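Based on the provided sequences and hints, a complete structural model is requested.
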Amino acid sequence: MIVSHLTHHLIFHSRSVLDLRPDSGFGGGATSPTQKASVLMKLDEIDKCRVPKDEMQEGGLSHEDPTNLRSKKLQDDLQTLGTKLQLHEDNIRFLRTLKDKLVDSIIDLQVTLGKYHASSTPKIETQDGADTQSEDKLSDQKQILQEENSAASILCQLKTNPKMLASDPTLSDDVLGVVAELGKVDDSVLSSLLSEYLGTETMLAIVCKTYNGVKSLEKYDKEGCINKTSGLHGFGTSLGKTLEGRFNVISLETLRPYAGDFVANDPQKRLDIPDPRLPNGDCPAGFIGYAVNMINIDRTYLFFLTASGYGLRETLFYSLFSCLQIYKTRTEMLQAVPCITDGALSLDGGIIKRSGLFCLGNRDDVKVRFSKTSTNSSLPDHYTESERQMKEMKWKKEKILEDMRREQALLDSTRLNFERKRVEFVQFLAETAARQQTPVAMGRSAGRVGKGDALFKRGCRKEMGVFCNANFELVFVFIARLFSALRGYPHALHSQACNPPTSISVASELHCSVLPSSSPRHFRARMAGKAVKSVAKAIGEYQYPWQEKLVKYKNELSKGVWGYWELGAWKPLGISARRRARLRKEVLLAGQDWAYDPERKEMRTKRKGHKCDRIAAEKRENTARLMEKMPDMLLQYKKRRWEKKMKEEEKKKQQ
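Numbering (this note's numbering), first residue to last: 7 to 661.
Keeping only pairs whose Cα atoms sit at most 27 Å apart, straight-line, the calculated DSS-like set for lysine-lysine is:
1. 90 with 107
2. 78 with 90
3. 221 with 247
4. 650 with 635
5. 105 with 405
6. 215 with 190
7. 90 with 402
8. 107 with 275
9. 635 with 645
10. 397 with 190
11. 405 with 215
12. 169 with 247
13. 169 with 635
14. 402 with 105
15. 397 with 635
16. 625 with 105
17. 79 with 555
18. 402 with 625
19. 334 with 359
20. 105 with 275
If you are wondering where the hints come from, they were derived from the structure by calculation, not from laboratory data. All figures in this text were calculated on a predicted structure; none of them were measured in a lab.
Set out below in structure tokens:
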């Protein structure tokens with residue numbers, strides 16, 4: 007129907023329609039029979055001038071006006087951007103919830119680990135164990151420091167001087183250490199074999215988390231020469247040493263990690279690599295294991311994770327050893343040559359670098375080796391698992407924070423695009439309303455209306471197939487007379503008779519009053535009534551966008567200002583206080599009453615995010631920190647008591 011087409015066109019130009027009030031010169035007072043007849047005549051002319059769809063297609067003319075097409079495009083763009091905004095806001099809300107849960111879990115694990123430290127009372131043996139651990143570290147550093155004028159020795163000296171290391175935050179945060187310090191081996195023979203297999207240069211290689219650490223170790227000038235005053239060269243100069251030759255640096259983020267599974271319930275997270283098989287399907291005799299799984303990672307770096315979520319074993323040591331096999335004797339190793347792909351070692355000194363490359367001769371005396379694992383450094387499995395979970399949760403928290411920053415950037419960009427598109431749409435509506443002011447002015451006099459009727463009839467000829475721009479005049483005249491007729495039926499309005507119809511029921515009553523059912527054109531009048539309903543609904547939604555919100559949140563608003571009390575618990579509202587205040591302001595500015603301000607009989611004194619919650623979180627965090635310090639405090643207390651006891655015994659002996 008052409009009526010629905012004109013109504014659809016009118017919805018996008020509702021600003022012009024909003025100016026058609028009954029007091030704007032379109033006739034006032036009650037409706038007269040002549041006015042009703044003129045409305046029927048207009049509807050009859052619209053129906054007669056309807057162009058069939060087939061004829062429109064045969065003529066090759068477009069069905070949509072360019073103004074309509076642009077309006078539809080702008081509305082579609084706004085709807086798409088609004089959907090994206092909602093999606094990004096939901097993502098940020100979801101990520102924030104996950105982050106809060108992870109923070110609570112991390113604090114709980116810190117408290118658990120602190121309780122374990124407090125419950126395990128340190129004895130003299132543990133003190134000796136701590137001394138042995140420190141001695142192991144000192145022995146490792148001595149091995150590295152013996153290699154004078156090397157990058158590894160300079161780095162070890164920097165670690166003993168935190169103030170100097172703090173001058174370069176990238177180097178202090180991104181550099182993990184030297185390869186020889188990051189792993190330990192149970193057997194001294196195996197330690198010397200693995201160290202000989204890797205070589206001194208690889209054992210002294212510096213390990214960095216990312217490529218930024220590699221760049222911080224050595225910097226260059228504009229000509230490409232090494233800058234001796236910055237990086238590791240600058241620190242060496244300040245320590246009285248000069249770097250000679252080249253040194254190896256390993257970036258963990260650029261290594262290809264192990265893609266398989268791990269051994270179940272293994273605190274060291276060893277790799278689940280299948281055993282080698284001979285051509286007959288049997289495992290070779292004398293096979294002990296893979297070198298990558300015989301390295302015990304130091305507890306300090308056991309739960310370290312890269313940005314991609316990989317540890318040291320599946321990145322650093324897997325790239326160094328790959329599937330290097332360990333056998334008991336050289337004879338058994340040589341018998342297993344068909345299944346050796348990445349090299350093999352035997353405890354009696356045999357070395358196969360890779361498939362087909364054999365190392366013969368006497369064993370070299372390697373100065374830098376992997377240190378031996380101390381027996382007193384073992385910890386319970388549940389402690390190791392809790393520490394692993396805490397490290398993993400911290401890594402997940404960092405990734406969630408990165409995702410939140412990325413989502414926030416996308417949200418800001420989408421919000422900016424939405425605001426630009428909204429301004430463009432408002433300008434388009436204003437320009438369209440300004441263009442339609444001329445037809446509206448033409449409809450304010452009877453003579454001009456008659457001229458518009460003639461233009462409309464000439465433009466609606468079937469052989470033309472299109473409508474001229476004067477069809478807007480007829481629509482505005484039709485709407486103006488509807489509003490004039492509406493003033494004669496005050497029972498159809500809620501508050502003010504001058505407002506346009508804002509609901510389908512009002513439009514229906516108006517239709518029944520203007521177009522009686524006894525008319526011979528009852529079917530045609532019913533179709534016109536549908537057009538009236540759609541126009542009234544569009545005008546109501548434009549003038550009163552808050553009406554649907556009132557219907558949606560009616561139950562929530564009636565429960566109170568802050569919430570409601572039910573079954574001994576405070577239930578919050580489904581609508582936020584800010585949205586409620588904004589909705590209340592829109593309703594009051596429109597001259598309507600706000601009936602949702604009941605007396606606050608009970609008000610919640612403690613809401614989520616209250617000061618009490620923050621204080622409780624701070625107390626839990628302080629407790630976790632105190633539990634971490636508790637072992638040292640107990641040890642100091644025990645030393646003081648022991649010293650006091652020794653002094654008392656000396657006094658007794660002297661007496």
